[in-house]
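Chemist: If you want the building blocks of each chain, they are given just below.
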Amino acid sequence: MKISRYKGGKDLLAADMAAFRLIESAFRESCLSWGYEEVRTPTIEYLHLFTSAGTLTPGMLRRVYSFLDWDGWSGERVALRPDGTIPAARLYIDNLQDQGLARLFYLINTFGYDETGREARERWQGGVELLGTPGKGGLGEVELIQLAMGILSRLKIGKVTVKLSHAGLIKAYLDELGANWGESSHLLEELLDGEAPALAAAACQPEVQKALSQLLRLKGKKHGFLKNLEASLQPVAPAFRDNLRDFMRVAEMLDALKLDYEIDIASGRGFEYYTGIIFQFLAGDVKIGGGGRYDELIPLLGGKKRSAAGFALYISRLMDYVSPDVIGTGPGVLVQVASEKPVVVRRGFQAQRRIQEAGYVAEIDLGGRSHSRSRTHRWKLLVRDQSPPFLLTDQDRDTLTGAASVAELLRLIRG
Amino acid sequence: MARSLLRLALPKGRLQAGTAALAALLGWDLDGYGDGLRRYRFSSNRFPYLQGKVFHEKDIPVQVAVGNYDLGICGLDWMEEHRVRYPASALVKVRDLGYGQSQVVAAVSASGGFGDSGVVRLASEYPNVAERLALELRLRRFSIFPLWGGAEAYPPENADLVLISQGTSERPPEGLLSLGTVLSSSACLIANRDSWEAEDMGEILGTLERAPTPRDGSPDAIGTESTRRLAGALARIPAAARKTGRKGPDEDGTLWLGLPDGHQQPPTAQFLDKAGVGIEGYSTGSRRPKVAQAGVACKVIRPQDLPLQVANGNFAAAITGQDWLREHRCQFPTSPVEEILTLGFGLVRVVAVVKGDLPVAGPAELRQWMKARGKTPLRIASEYVNIADSYARENHLSPYRVIPTWGATEAFLPEDADLLIENTQTGKTLAEHKLKIIDTLFESSACLIGNAGAVRREGVQRGLSTLVEALRRGLREEAQ
Chain A
28 MKISRYKGGK
38 DLLAADMAAF
48 RLIESAFRES
58 CLSWGYEEVR
68 TPTIEYLHLF
78 TSAGTLTPGM
88 LRRVYSFLDW
98 DGWSGERVAL
108 RPDGTIPAAR
118 LYIDNLQDQG
128 LARLFYLINT
138 FGYDETGREA
148 RERWQGGVEL
158 LGTPGKGGLG
168 EVELIQLAMG
178 ILSRLKIGKV
188 TVKLSHAGLI
198 KAYLDELGAN
208 WGESSHLLEE
218 LLDGEAPALA
228 AAACQPEVQK
238 ALSQLLRLKG
248 KKHGFLKNLE
258 ASLQPVAPAF
268 RDNLRDFMRV
278 AEMLDALKLD
288 YEIDIASGRG
298 FEYYTGIIFQ
308 FLAGDVKIGG
318 GGRYDELIPL
328 LGGKKRSAAG
338 FALYISRLMD
348 YVSPDVIGTG
358 PGVLVQVASE
368 KPVVVRRGFQ
378 AQRRIQEAGY
388 VAEIDLGGRS
398 HSRSRTHRWK
408 LLVRDQSPPF
418 LLTDQDRDTL
428 TGAASVAELL
438 RLIRG
Chain B
197 MARSLLRLAL
207 PKGRLQAGTA
217 ALAALLGWDL
227 DGYGDGLRRY
237 RFSSNRFPYL
247 QGKVFHEKDI
257 PVQVAVGNYD
267 LGICGLDWME
277 EHRVRYPASA
287 LVKVRDLGYG
297 QSQVVAAVSA
307 SGGFGDSGVV
317 RLASEYPNVA
327 ERLALELRLR
337 RFSIFPLWGG
347 AEAYPPENAD
357 LVLISQGTSE
367 RPPEGLLSLG
377 TVLSSSACLI
387 ANRDSWEAED
397 MGEILGTLER
407 APTPRDGSPD
417 AIGTESTRRL
427 AGALARIPAA
437 ARKTGRKGPD
447 EDGTLWLGLP
457 DGHQQPPTAQ
467 FLDKAGVGIE
477 GYSTGSRRPK
487 VAQAGVACKV
497 IRPQDLPLQV
507 ANGNFAAAIT
517 GQDWLREHRC
527 QFPTSPVEEI
537 LTLGFGLVRV
547 VAVVKGDLPV
557 AGPAELRQWM
567 KARGKTPLRI
577 ASEYVNIADS
587 YARENHLSPY
597 RVIPTWGATE
607 AFLPEDADLL
617 IENTQTGKTL
627 AEHKLKIIDT
637 LFESSACLIG
647 NAGAVRREGV
657 QRGLSTLVEA
667 LRRGLREEAQ
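The listed protein sequences derive, respectively, from chains A and B.
So that you can map any letter, position 152 of the first sequence is 179 in our numbering, and since no number is skipped, the others follow by simple counting.
So that you can map any letter, position 405 of the second sequence is 601 in our numbering, and since no number is skipped, the others follow by simple counting.
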């Protein structure tokens, strides 16, 4: 019986890993250049970290991998992290909250059950968190969007659409409509779970349905649109107006930076810990990242009152967009050992090490076809027990040259 | 051409009489299934291709989902318990059968103490439904105690919220306050999805025309409506039930002792009598009998659940079987539960069992047999899932699958399992079913267990010393 791969798992082959590492290094280098520091949280956390304060919707929590640990007789479960932001906020509370502002980033896997078999159950993401920002933010979100767009541009992803929504605006709107606990919670969950079409069928008061549908249909392209909205909705409740102005402030800054975006209130899909701006990055119709402001998360997890915002780029999805010429690897040397005599074997491995130290890929020829499709061997080196001990074939130039020493060999390779 | 067999799983226990009556009404003419009958296999005189087996109701959704049976009848509550944990499971609800109505209700103690510790403790025979409820209710921090039964005994000391099954017009047990119905249940016909999509079941299903009409409007799953109602009820829990200041089980020096119910109850009561430990009400089925010894309080719950309750400090000590202690320690190797005293009664052997004609005499030969038949996973059925898992690992019986069972495990061989890890007193029942023991894992008797931290606490320690001395006296009496 062949033992098959776990249903929700994915093997990453050499070409996949080349893409993965390329994204990882672009992400890492960009974050470091913006002053962010790398951290990593454990794969396993207590489940109650994620259930605390209603930070994830029940729909998301139903897909969390949780289990009783070996010392779990208390009945409290542990979980494979379904999300990166909540553990990062926990890390900040445990270690950094007294220092004020922290710029953190991480490259991690997250886990979530998917029964369709179309999505991997283990996903990789690069996350960025700006924790402990003074005031209500604005500049922070702009920094995050700029950083994310910089990474995506570096990866040559092609056209990326930025969609903006505002969690505070949606919540204030629902409050203003007087939706009761059950309705607002249920509607918001459906919205956050991306089930906007289901709202029409939601069992709530018709006037709530109608008003919410109007809000969800709002779309625009400049901050002026939000100004128009403010003017047309007079009079509005203070909470709604404050959130709208917060939205306008960020939109105005993005306009100043000539960064294109779409205002799409219904795009507010994500985690319900968001309190302010929510932004999404799309390549075509595929969401490749997203983030937003979450000022209440740290206090809800037991930390001090600290504002925060962040985003994640989905490495597993980005891998489909990294073009092969960006993935490519350098030329290599295939080292063929002519015999298994100790002197030849020693000579072969010594030559291989020196070539590697010189910065080239050197691979011993073990016979058979190489599985590697991404690497080409420009040179073939035959190591022999006769003079000259090295014969180097340059396949690009179609030349065969003998070398008496490794030093001479390296000179030939360097050209 | 003879048609292929249609396999049907039917329940024993609460739904057995109703199911037998329905089968008679539909004219299935089942030979071997009926109220009070204790046979495991049955066939239909009317439909020769219809055959089946009798299971504990809770086992039926698993057996149908894995495809061992095409059709099954069980309570909707057990189907939901399976389905909320395994949403992609191959189970199809065919129809409500209109009998065996019950409801799973959420209840708290009427006497206070809800959520004192900041962690809401949910105890239930329906742990998966309980977890779903906790998520839907957005409880910030919760723990789930999966139980074998007796949930009503837990609040307020040992649980904040319990899910219990009761009749539709039944009131909650004394001392409990019902918050509302989590799900309504009745007997239902379920099918394996693959069988449902491919097998011709028309002749059997056609007879359902004569079945009683199902009730209308009953919720068939834990859903938004029930969650909303319960969230409202939770928010309205009377102040009295929320009052704080409850002490931990043994913080006031009281020794909380857990005693077993079920099969272990009569020999335990007899032994305690012999030891001179007076407990009023234990033999008459009280969940909270009165202990004569000052400073000792006790509760009666399932022996299977006692080690976990002792580990959590809900009881400083308890009497249970060594088999259940070992099962607990296989799951939680660093548990603070320790054995204090072996009590000698309730002796059983925990054994590995195969069908009688299998040419295997031990685990080494079982490995050979597995090798010869290819890499089909060995199916191990057991009530002791953690012991079974550990046994398979230690004996390199890979690949294997452990099938949890809730009783009548001997019925699983040979069709639905290859190996059982089962307890036996004399081996007679196993022999009657043409099964054979190939290994004895260990021998088990009743024992006194304690929580390592609690039993060293002053006050508790004094009470425990007196109790242990009495139990030793009982052992001496037994020896004479």
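These are computed hints drawn from the structure, not numbers from a lab.
This one's a predicted model, so the numbers in the text were calculated from it and none came from an experiment.
It cannot be assumed that every hint is accurate.
Unchecked claim - DSBU-like, lysine-lysine: derived pairs with alpha carbons at most 35 Å apart:
#1 A:LYS34 to B:LYS630
#2 A:LYS183 to A:LYS29
#3 A:LYS183 to A:LYS246
#4 A:LYS37 to B:LYS630
#5 B:LYS624 to A:LYS29
#6 A:LYS368 to A:LYS407
#7 A:LYS29 to B:LYS571
#8 B:LYS208 to B:LYS624
#9 A:LYS34 to B:LYS486
#10 A:LYS29 to B:LYS208
#11 B:LYS551 to B:LYS486
#12 A:LYS37 to B:LYS571
Chemist: To test your reading of the hints: which numbers does this structure violate?
Modeler: When the structure is compared with the hints, numbers 1, 2, 4, 5, 9, 10, 11 turn out to be violated.
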